[in-house]
Structure formats: C-alpha cells, structure tokens
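> In case you want the letters, here they are:
There are 2 protein chains.
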Amino acid sequence: MLDWESIFATRSSRMRASEIRELLKLLDRPDIISFAGGIPDPALFPDAEFKTAYADIFSGPSVGAALQYSVSEGYLPLREWLVGEMAKIGIPCEAENILITSGSQQALDYLGKLFLSPNDTALVTWPTYLGALQAFNAYEPNYDQLTPGGNRTPAAYQETAAKAGGRVKFAYLSADFSNPTGETVTRTQREALIDMADEMDIAIIEDGAYQSLRFNGDAIPPILALEIARKGTINETRTIYSGSFSKTLAPGLRVGFVVAAMPVIRKLVLMKQAADLHSSTINQMAICHVAERGFDRQVDKIRSVYSQRRDAMLKALETHMPDGVSWTRPEGGMFVWLTLPVGMEGAALLAKSLVTAKVAFVPGKAFFADGSGANTLRVSFSCANETMIEEGISRLANLIRGEILAKVA
Amino acid sequence: MLDWESIFATRSSRMRASEIRELLKLLDRPDIISFAGGIPDPALFPDAEFKTAYADIFSGPSVGAALQYSVSEGYLPLREWLVGEMAKIGIPCEAENILITSGSQQALDYLGKLFLSPNDTALVTWPTYLGALQAFNAYEPNYDQLTPGGNRTPAAYQETAAKAGGRVKFAYLSADFSNPTGETVTRTQREALIDMADEMDIAIIEDGAYQSLRFNGDAIPPILALEIARKGTINETRTIYSGSFSKTLAPGLRVGFVVAAMPVIRKLVLMKQAADLHSSTINQMAICHVAERGFDRQVDKIRSVYSQRRDAMLKALETHMPDGVSWTRPEGGMFVWLTLPVGMEGAALLAKSLVTAKVAFVPGKAFFADGSGANTLRVSFSCANETMIEEGISRLANLIRGEILAKVA
Chain C
1 MLDWESIFAT
11 RSSRMRASEI
21 RELLKLLDRP
31 DIISFAGGIP
41 DPALFPDAEF
51 KTAYADIFSG
61 PSVGAALQYS
71 VSEGYLPLRE
81 WLVGEMAKIG
91 IPCEAENILI
101 TSGSQQALDY
111 LGKLFLSPND
121 TALVTWPTYL
131 GALQAFNAYE
141 PNYDQLTPGG
151 NRTPAAYQET
161 AAKAGGRVKF
171 AYLSADFSNP
181 TGETVTRTQR
191 EALIDMADEM
201 DIAIIEDGAY
211 QSLRFNGDAI
221 PPILALEIAR
231 KGTINETRTI
241 YSGSFSKTLA
251 PGLRVGFVVA
261 AMPVIRKLVL
271 MKQAADLHSS
281 TINQMAICHV
291 AERGFDRQVD
301 KIRSVYSQRR
311 DAMLKALETH
321 MPDGVSWTRP
331 EGGMFVWLTL
341 PVGMEGAALL
351 AKSLVTAKVA
361 FVPGKAFFAD
371 GSGANTLRVS
381 FSCANETMIE
391 EGISRLANLI
401 RGEILAKVA
Chain A
1 MLDWESIFAT
11 RSSRMRASEI
21 RELLKLLDRP
31 DIISFAGGIP
41 DPALFPDAEF
51 KTAYADIFSG
61 PSVGAALQYS
71 VSEGYLPLRE
81 WLVGEMAKIG
91 IPCEAENILI
101 TSGSQQALDY
111 LGKLFLSPND
121 TALVTWPTYL
131 GALQAFNAYE
141 PNYDQLTPGG
151 NRTPAAYQET
161 AAKAGGRVKF
171 AYLSADFSNP
181 TGETVTRTQR
191 EALIDMADEM
201 DIAIIEDGAY
211 QSLRFNGDAI
221 PPILALEIAR
231 KGTINETRTI
241 YSGSFSKTLA
251 PGLRVGFVVA
261 AMPVIRKLVL
271 MKQAADLHSS
281 TINQMAICHV
291 AERGFDRQVD
301 KIRSVYSQRR
311 DAMLKALETH
321 MPDGVSWTRP
331 EGGMFVWLTL
341 PVGMEGAALL
351 AKSLVTAKVA
361 FVPGKAFFAD
371 GSGANTLRVS
381 FSCANETMIE
391 EGISRLANLI
401 RGEILAKVA
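The listed protein sequences derive, respectively, from chains C and A.
Just so you know, full-length UniProt numbering puts the end of the first sequence at 409, numbered straight through with nothing missing.
Just so you know, full-length UniProt numbering puts the end of the second sequence at 409, numbered straight through with nothing missing.
Bound-form chain C, shown alone (with noise of 0.2 Å):
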C-alpha cells in the first residue's frame, strides 16, 4: 500500500479535524442542550419564499440556464442586487466589483490563496474565526496578533514577519458581532486599522458575515465603507470585505460573496475558474429570487428572534454566574464568549459537561492561533429557545461554580 503521508504536499499536515465539526455531532443527543454549534435556527429558514423560488425556475424561461454551466464571477443579476445592498450600508461600487462564492468560507480560502505564500504572515485576532485558521493553514503561513487600535507600530509587524521568512500580507477580521467573541470593533479601531494598513501596505480581508444581524446599538460603517469614504471609490481600497446568505437565508445552498477593487476581483474569478468553474447556477438564481423579493423582511425576523435569545442568555448568566466568570455582551450575531477563571481548562469542563450538566459549548482554544485561550469558551444562542437557554446556562453555572470551589478547596 502507498505511504500516503510520504507523498501529500507539505500543507497538508497543517489539516486537522475541527473540533466543532466534531462537535456538532452532539447536537443530536435529545439530552444535551447544545450551545455549541454555530448555526442558524432552521426553524427561521425562509422555507415556502424558496419553494416558491425554484418552481417559479422550473417554469420559467430560465430552467435550461439554471441547470447549465455559467460564468466564474456569478450570476449577473444576483451581484447587480448586492451592489443595491452594498450601497445602503455606504459601499458604492459595480457588479464588476463582485464575485459570488460557495459561500463565505470559499471566499476565505481563495483569499489565503491569492496572498499567502509559505512563511507569509496573516494578522489575525486571538482569539479569531476558527474556519479562517482552517482556510488560511492549506497555504502555510505564520500568524501575528492583529490588536485593533492597539500599540503594536507596523514596523514591529513587519520585523517579525521578516524574521519568519516572509512578509505580512494582509490583516482577517470580523468587525461585527464576530464569531466567536460576538464583540464589534469601533469606528475608531477601525480607522486605526485603515491607517495600519495604508502605512504596512498590505490588505485588510473584513468578514462580514454577521454584519446584518444587528439587534440594538448603532450600525458602524464597514471598514471597506470607511475605506471608500477616504479615498473616492473602491477601486482604489486594500480591503476585501466577504459577506454570506448562509445566516440570513440559508447556508444549504453555499452562496456568498467578496466585494473588492477590481483587480482583485479579476484574480479572484480566474481562482474560481480554476478551482470549481462557478457556484451552483440555480442556486444563485434561487437565492436572486428570495432577496428580490423579501430580504429585509426575512433579515427582520432572524434579529427578532435572536434578539430575543441574545437578552435571555444574558439574563441567565447574570443570574447564575459565578465571580470570576465574565462574558461579552454582543449587539447582534449568534454568540457570547466566556472567560473561566485563569487555570481552568474548557475542554476538560466540557468532557464533564456533556456527562453530568448534558450542556455543549465549543471550548476557546481552538479559536486562538497561538494555543492559548483554554479558559474561554463559546456559547451560541441561536438555535436554543429561551427555556433551553435558562435551563442551560444555569446547568452550565452550577457546573463551573463546582469546579472554582474545588479549585479554592
């Protein structure tokens, strides 16, 4: 038999098994109340608009074409749509601005594709968006710490960067209720961040794929807004902003897409070309279809109800917490983020967790590029009711109370 490890290229020892895939499983479970996955609540799929969606294909002029191979960049009036989108949250820019992915995770891919050589340096937050670690890895680079608004001087980036053997190509973050803190990065650290750019020259790849699920607070412009709002037009902007329907509409179908100056935005659809020829044709024609048509409205009701989880989860932390536990306090997204006191491990708490509390969560670590972080863990409120969240969290409380009194005894 082949040794296959003797003749995979070097990037694949960088590919592991997530730990949050693997959790996922657990979901499952009748009696386990999960807070791990990072999933929207199937429940608010827009079910009948998308039934509705590929009947009206399926009897319309355009079924020889849904089903037929189309071009890289996506389908023409799906990114017309998103530039209307784009433009209300003060992105001006044109179709040919955008390319239509296989979701926002192909988006991340590409991106550490297209920049990283090996021993390039990407910027990321600690603790970061575990899926664009995974991304990034295939194309073996070094992480630095990206601190927004912080004190570390672009000449210390790149210094490091130099010292590992490449340099730094761009900073990842998600400005919005990211996953996995739920925390929003200010106006004012995002211009910091604009200026870290401009002065290391290098690319700024914003995720926005929460951008929209906003419950209370007011909306900050997107970096790439920011960006725009400096120098005249996209065209002429180093940030790379990638946005999802998987949070809004539905995450089966794999649509998402990149908005970005254009010659990045050529590079990235001869990518695409290459890699997968384009995504799914009917699948972007249903998506065009139920954005047209109600996006706002089904937009509305996800922040209603989420909203409404978001309060009960903070409630019952407030509750039931112990001292020494914090936890973010998110305007919108899908998750809160606790901090256990310093010595406590997440991933050993869960493994008791799931037999004595039955609650899941996904332990932090795996969240941070550099290991650290094992006293932190993620909690989704999406897909639990507001019992399940009460019951949950006071399990879960309970549970670390124990184990700080055991730490103390």
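Source of the hints: derived by calculation from the structure; they are not laboratory data.
Heads up, the beta-carbon is just placed ideally off N, CA and C, and yes, glycines get one too.
Be aware that one or more of the hints could be misleading.
[Stated by the list, open to error] Derived Cβ-Cβ restraints for the label pairs, each shown as a range:
1) E85/C with A219/A: 47 to 57 Å
2) E318/A with T233/C: 43 to 53 Å
3) P221/A with R29/C: 37 to 47 Å
4) A347/A with E85/C: 52 to 62 Å
5) P30/A with R187/C: 52 to 62 Å
6) D300/C with A219/A: 52 to 62 Å
7) E5/A with T233/C: 17 to 27 Å
Following the hints, put chain A in place on chain C, whose structure we already have.
Same frame as chain C, but now just chain A:
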C-alpha cells in the same frame, strides 16, 4: 493604490485567463456555428425530473435539512447510490470511500492541493484537459509527459523530477473519451500505467467525467477497477477516481465526486471542510432524487443523441476535409480532435474562421502543458444538430483547404 501584484502569492502568476472560457462568449452570436464549447446540450437536461425533485424536497420532511449546513463528506444517500453505480463498473467500495465535490473540477483542485508542493512533478498527457492544468497550476508544479504504454522508464521520470526540484506525485489522465481528444486508453495501457505507478510509488488520478458516455465498442474497466482486481480492496489502491454529474444530469448544480482509498478521502474531507464546508445540501438531494429514479434512462437518452451527432461529424469530416488533416474517431464523449498539417496554426485559423467561415472551435495549443500542439484543434459535437454539423464542418474544411493551397502556392 496598493500594488496588488506585489503582495499576491507567487502562485498567482500562473493564474491566467482561459482561452476556452473567453470563447464561450461566442456561443451567443447567432451567425456563428460553434463547436467550441465543451458543454452538454441543455435540450437534453432532465428538467421535469429536477422540477419534481425540488418540489418533493420542499413538500417532504427534509426541507429544513436541505437548507441547512451538512457534513463535508456529502449527502449519505447520494454516496450510497454511488456505491451501487461504482460496483457496476467494477469498483466495489463503501460510502466512506466517496467524497462529494462541487463538480469534478473541484476534485482536481483538491487533488492538486493535496499532493503538489511547489516544483513537484505531475505527469499529464500531451494534450490533456485544460481545466486540470489550470487547477494544478495554483500549486506550482512542473509537468512531464505521460505516455500510457510508452517507453519512458520510471527512473527517467524520477530523474527529471528530481532535477526540477521535487518528485513525481501523480499521473493524471482521462481514460475514456478524454477532453480534448475523445480517445480512449486501452486496457493494456491501463495495466502498464498501474505497473509504472507501483514502481514509482505515485498516485494515479483517473478523470472519469465522460466514462458513462460510451456509444459503441466494449467498455474497458476503469483503471481503479483494474487495480482493485489486482490488490483485493480499494483501500490498498493508489488510483483516485473523479466523476461528475455534469455530463449526465446537469452541470448547473455543481455536483461531482471522488472515489479512493480511505486515507485519501479522510484528508480530502478535512480539506473540503476548510475550503467550503460542503457542497450544496439541496442540490445533492436533488441529484440523488433524479439519479435514483432514472439515471440509466437519462444516460441512454444522451448517448443516443450524441452518438448520432458523433456519426454526423465523422461523416462530414470524411466528406469534406482535405488531405493532410487527420482526426480521432471517438467511441463516446463530446469531442473530436483534429491535427492540421505542421506549420498551420489553430489560433490563426480560428481568427480567420470567425470572420469568414463563421465556425468556432478551440485551438489545441492550450491543452499542451509544454505549449506545443499549435497545429491541432478541438471540435465538440454535443451542442450542434446534424444539419449544423454538416454545414459547419463543410465551411471549416473549405477554409482549411484554402489555407493549405495558399501555403503550397
């Protein structure tokens, strides 16, 4: 403005626009008879069956699952259906040996990513599928010429690869009715290729995109089938088989698959998880629905129509082409491959043809990893009816005859 070229990864210099994709734009000009596209005839798509499939999904209990995230491996019932199909062509395997991809193009991208470090060598035929070269190019390999059954020794290949700074990782080929030549690799050649791969300890990537489109002649077992017959089980083989529903059911859903030993599939699953999470859930369900209810009937329909078009094209070539032009006689697929007298240029001929003969085809040079083959061209019979084929080949033959005479004069 950022000097993008200066921060793109080194691999990006090998991402260039595809001649074929640019040519696809010509298909819409009504005065041109096009043999250029390598796409299926949309008139043969099983529209009604897909309409029913999507309607059934939305009326059934799985609508939530259809719109939700799903496992990276792919939809289990579809993988189980494929297990049955593979058994019919001599490839006994389990669902665990199958990964669903977003078209077989994605399988080629992932296999390049899995095996190729920069300067490794991929063996490909001269000519080969252009999309394979494009997919592999992102991983910066060298190419060497694969001649199934030819007399290059493993030692010679290995020496050339070592000089180029890497090692031979795999041999890629399409064994049945390949794109672009339409030719089939004989059983003896397939067996010789397994011998060679065993000796070199490399993988074989067998592109089965056209495998089921045989019109006449006896089917030859896939290379993977021949290797399983030798080694007893798929998990001991080195052949990785990629397949597609794009030529049989419809390309617009982007559903393909890889069949291989479990160590390969396990690694590809991790890669897919990091790169795009999974292929569209709803489309995998729709493909499964249509395949389970009438895959063979659909394939029979396509074979019957394409077979008549192949006959018409071979007849027209026989009738009209001048001496000095030769062509393949495929037993299936979509393509015939023409070789013009040495010194004639397919690209120059196309430029003239679009103006005078008003016939489109693909110049062959792009299919050669070494840039040779200037005097070759590919014509596809999949999307033209018999009248168009007779007329188009007649016009093309007249143009070629004129060119040959002009050269002699």
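> Would you mind marking each hint as holding or not holding in the structure?
Verification of the hints:
1. E85/C with A219/A: 47 to 57 Å: holds, 51 Å
2. E318/A with T233/C: 43 to 53 Å: violated, 58 Å
3. P221/A with R29/C: 37 to 47 Å: holds, 44 Å
4. A347/A with E85/C: 52 to 62 Å: 42 Å Cβ-Cβ, so the 52 to 62 Å window is violated.
5. P30/A with R187/C: 52 to 62 Å: holds, 54 Å
6. D300/C with A219/A: 52 to 62 Å: With a Cβ separation near 57 Å, D300/C and A219/A satisfy 52 to 62 Å, so the hint holds.
7. E5/A with T233/C: 17 to 27 Å: This hint holds: roughly 19 Å between Cβ atoms.
Hint violations for this structure: numbers 2 and 4, all remaining hints satisfied.
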